[in-house]
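Participant: In case you want the letters, here they are:
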Amino acid sequence: MAESLVILYGALPYLLRGSLVTIAVVAGAMMIGVVVGISLAVGQVYGGKWLRRMIAVYVWFFRGVPLLVLLFLFYFGLFSLLHINLSAFTVSVIVLGLISAAYQSQIFRGAIMSLPEGQLKAARALGMSDRKAIPLIILPQALRLSIPGWSNEYSIVLKDSAVAYALGVMEMMARAHFVASRTYEHLPLYFAAGVMFLILTYLGTKGLRILEEKVRIPGYSS
Amino acid sequence: MGKKFLWALILLVAIAIAGGIYYFKEEPASAKVYINGIDANFPPFAYVDKDGVPDGFDVKSVDWIAKEMGFTVKHQPMDWDGIIPSLVAKKIDMVASGMSITDKRKEQVNFTVPYWKIAQVIVAPADCTKSVDELLSGGNKVGVQRGTTEANWIKENLIAKGKDFELVEYDSAPLAIEDILNGRIVGAAMDDAPAKDAMRKKPVKIMGTFGMASEDFGYAVRKEDTELLNMMNAGLEKLMASPYWWELKEKYKP
Numbered sequence: 001m002a003e004s005l006v007i008l009y010g011a012l013p014y015l016l017r018g019s020l021v022t023i024a025v026v027a028g029a030m031m032i033g034v035v036v037g038i039s040l041a042v043g044q045v046y047g048g049k050w051l052r053r054m055i056a057v058y059v060w061f062f063r064g065v066p067l068l069v070l071l072f073l074f075y076f077g078l079f080s081l082l083h084i085n086l087s088a089f090t091v092s093v094i095v096l097g098l099i100s101a102a103y104q105s106q107i108f109r110g111a112i113m114s115l116p117e118g119q120l121k122a123a124r125a126l127g128m129s130d131r132k133a134i135p136l137i138i139l140p141q142a143l144r145l146s147i148p149g150w151s152n153e154y155s156i157v158l159k160d161s162a163v164a165y166a167l168g169v170m171e172m173m174a175r176a177h178f179v180a181s182r183t184y185e186h187l188p189l190y191f192a193a194g195v196m197f198l199i200l201t202y203l204g205t206k207g208l209r210i211l212e213e214k215v216r217i218p219g220y221s222s
Numbered sequence: 001m002g003k004k005f006l007w008a009l010i011l012l013v014a015i016a017i018a019g020g021i022y023y024f025k026e027e028p029a030s031a032k033v034y035i036n037g038i039d040a041n042f043p044p045f046a047y048v049d050k051d052g053v054p055d056g057f058d059v060k061s062v063d064w065i066a067k068e069m070g071f072t073v074k075h076q077p078m079d080w081d082g083i084i085p086s087l088v089a090k091k092i093d094m095v096a097s098g099m100s101i102t103d104k105r106k107e108q109v110n111f112t113v114p115y116w117k118i119a120q121v122i123v124a125p126a127d128c129t130k131s132v133d134e135l136l137s138g139g140n141k142v143g144v145q146r147g148t149t150e151a152n153w154i155k156e157n158l159i160a161k162g163k164d165f166e167l168v169e170y171d172s173a174p175l176a177i178e179d180i181l182n183g184r185i186v187g188a189a190m191d192d193a194p195a196k197d198a199m200r201k202k203p204v205k206i207m208g209t210f211g212m213a214s215e216d217f218g219y220a221v222r223k224e225d226t227e228l229l230n231m232m233n234a235g236l237e238k239l240m241a242s243p244y245w246w247e248l249k250e251k252y253k254p
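Protein chains in written order, with the numbering used here: chain A, 1 to 222; chain B, 1 to 254.
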């Protein structure tokens with residue numbers, strides 16, 4: 001037991017550096033997810049028939065194919081064929097981001113559709129074009145409503161990021177495994193990795209709760 | 001207030017991404033820096049030390065060769081399952097990480113001269129009194145690392161021919177050792193070098209071989225990389241003739 005603790009203590013700086021990699025992967029993926037996800041959601045709610053169909057295919061594809069398969073497809077397949085030499089880190093961020101966009105788009109879509117129809121109609125009646133009304137009237141309300149669902153997505157992306165080691169990204173889980181292989185102390189190290197994931201989940205969801213409070217419009221209900 | 005918070009959040013995320021990109025920027029293979037893909041879960045040939053620096057018999061061998069032959073090498077830990085695809089897709093330039101030379105792998109990559117002979121053994125708890133034959137029968141569960149030559153050999157030559165035991169596949173040999181200690185499997189098949197490494201650290205012992213012919217380790221390079229292949233061959237021959245080779249054997253006891 002004491003021996004395990006000594007090993008764990010010695011490995012901590014190495015694992016903590018891994019948590020920075022994990023944070024960078026998750027932050028990048030979430031950013032891509034927000035930008036692409038919002039576009040997909042708006043397209044799916046307000047777009048024409050073909051746009052809606054194409055987005056539905058995108059969402060179906062990225063929600064349906066396992067993460068590991070997508071990572072391999074993009075890293076060894078797509079980017080290699082296009083002769084784009086991206087690092088394993090970048091590819092992991094992009095793939096996790098595109099998958100997250102598919103999930104996030106449905107969070108945003110649900111939020112947009114929960115707004116009363118009168119909102120857009122009123123904006124139109126005041127002479128606003130849809131191009132103006134959607135970013136200025138609809139999205140500010142919808143995004144506020146999305147935050148609770150979004151914190152779900154954050155914790156999922158956080159844990160999915162561990163799969164990035166398949167491409168050689170040295171995130172937290174991979175590092176825990178390396179130390180365990182050298183020391184044969186698998187349980188204490190995986191336990192430590194689990195605790196670190198819990199802490200990151202807590203910090204992220206807490207941050208989103210604070211954000212939710214900060215951006216809340218007093219007395220507003222949709 | 002809300003805006004300030006948002007900006008702070010965006011700034012934080014931007015720093016995180018910039019940090020990530022900075023951290024990984026030197027990754028693509030540039031001139032004269034060769035990337036060696038390793039399975040860092042394979043002590044004593046390749047692992048990461050206490051400070052997270054790649055270490056091991058193969059890592060130190062390649063470092064010596066690089067110095068001798070005048071190139072720079074970076075060791076990149078990889079998942080074993082994806083290591084040959086990574087090599088073929090030019091994500092890494094070589095694999096010096098206890099890779100057995102096999103005909104099947106030779107279809108995809110080229111190997112250097114053999115530098116190590118390895119036997120496949122069965123490892124069991126230190127107090128085990130059964131023979132290897134007894135362990136590999138009676139519906140027992142036996143562990144192995146997924147994607148290894150021993151995993152394929154056991155499936156083709158023992159399981160397919162009606163031997164009555166169940167093969168349980170693990171991510172790494174040390175994980176199989178862990179499950180031996182947990183009592184979930186009666187033993188595990190692995191290379192003798194990591195088995196000896198495990199024996200030094202945990203109450204397990206080598207029960208003996210199980211009929212698989214010994215194999216040779218070599219460094220793998222891409223088919224078209226003949227220049228690198230020749231350089232590694234020359235380097236390996238120099239290394240094996242030098243006193244440092246004995247030092248390495250003494251230090252890592254593979």
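FYI, nobody ran anything at the bench for these hints, they're computed from the structure. Source: prediction; values computed, not measured. Note that beta-carbon positions come from the ideal geometry of N, C-alpha and C, so glycine has one too. Hints are not guaranteed to be accurate.
[Unchecked claim] Pairs of lysine-lysine, DSS-like flavour, derived with a Cα cap of 30 angstroms:
no., chain 1, residue 1, chain 2, residue 2
1, B, Lys253, B, Lys201
2, B, Lys32, A, Lys159
3, B, Lys249, B, Lys104
4, B, Lys74, A, Lys159
5, B, Lys117, B, Lys223
6, A, Lys159, B, Lys117
7, B, Lys32, B, Lys60
8, A, Lys159, A, Lys214
[Unchecked claim] Computed list of chain B residues with no C-beta within reach of chain A, every gap over 12 angstroms:
no., residue
9, Asn41
10, Val53
11, Asp63
12, Trp64
13, Asp103
14, Asp127
15, Gly139
16, Asp179
17, Ser214
18, Leu239
19, Pro243
20, Trp245
Participant: With reference to the structure, classify each hint as holding or not holding.
Facilitator: Going through the hints against the structure:
1. B/Lys253 / B/Lys201: 13 angstroms, holds
2. B/Lys32 / A/Lys159: 36 angstroms, violated
3. B/Lys249 / B/Lys104: Holds: lysine 249 of chain B and lysine 104 of chain B sit about 29 angstroms apart, inside 30 angstroms.
4. B/Lys74 / A/Lys159: 28 angstroms, holds
5. B/Lys117 / B/Lys223: 23 angstroms, holds
6. A/Lys159 / B/Lys117: 40 angstroms, violated
7. B/Lys32 / B/Lys60: The hint holds at about 18 angstroms.
8. A/Lys159 / A/Lys214: 27 angstroms, holds
9. Asn41: 4 angstroms, violated
10. Val53: 9 angstroms, violated
11. Asp63: Per Cβ check, aspartate 63 of chain B is outside 12 angstroms of chain A; nearest 18 angstroms; holds.
12. Trp64: Tryptophan 64 of chain B clear of chain A: closest Cβ-Cβ about 21 angstroms, beyond 12 angstroms.
13. Asp103: At roughly 23 angstroms from the nearest Cβ of chain A, aspartate 103 of chain B sits farther out than 12 angstroms, so the non-interface label holds.
14. Asp127: At roughly 17 angstroms from the nearest Cβ of chain A, aspartate 127 of chain B sits farther out than 12 angstroms, so the non-interface label holds.
15. Gly139: 26 angstroms, holds
16. Asp179: Since the minimum Cβ distance to chain A is about 9 angstroms, aspartate 179 of chain B lies within 12 angstroms and the statement is violated.
17. Ser214: For serine 214 of chain B, whose nearest Cβ neighbour in chain A is about 23 angstroms away, the distance exceeds 12 angstroms, so it holds.
18. Leu239: Holds: least Cβ distance 24 angstroms, greater than 12 angstroms.
19. Pro243: 27 angstroms, holds
20. Trp245: 23 angstroms, holds
The structure shown violates the earlier hints numbered 2, 6, 9, 10 and 16.
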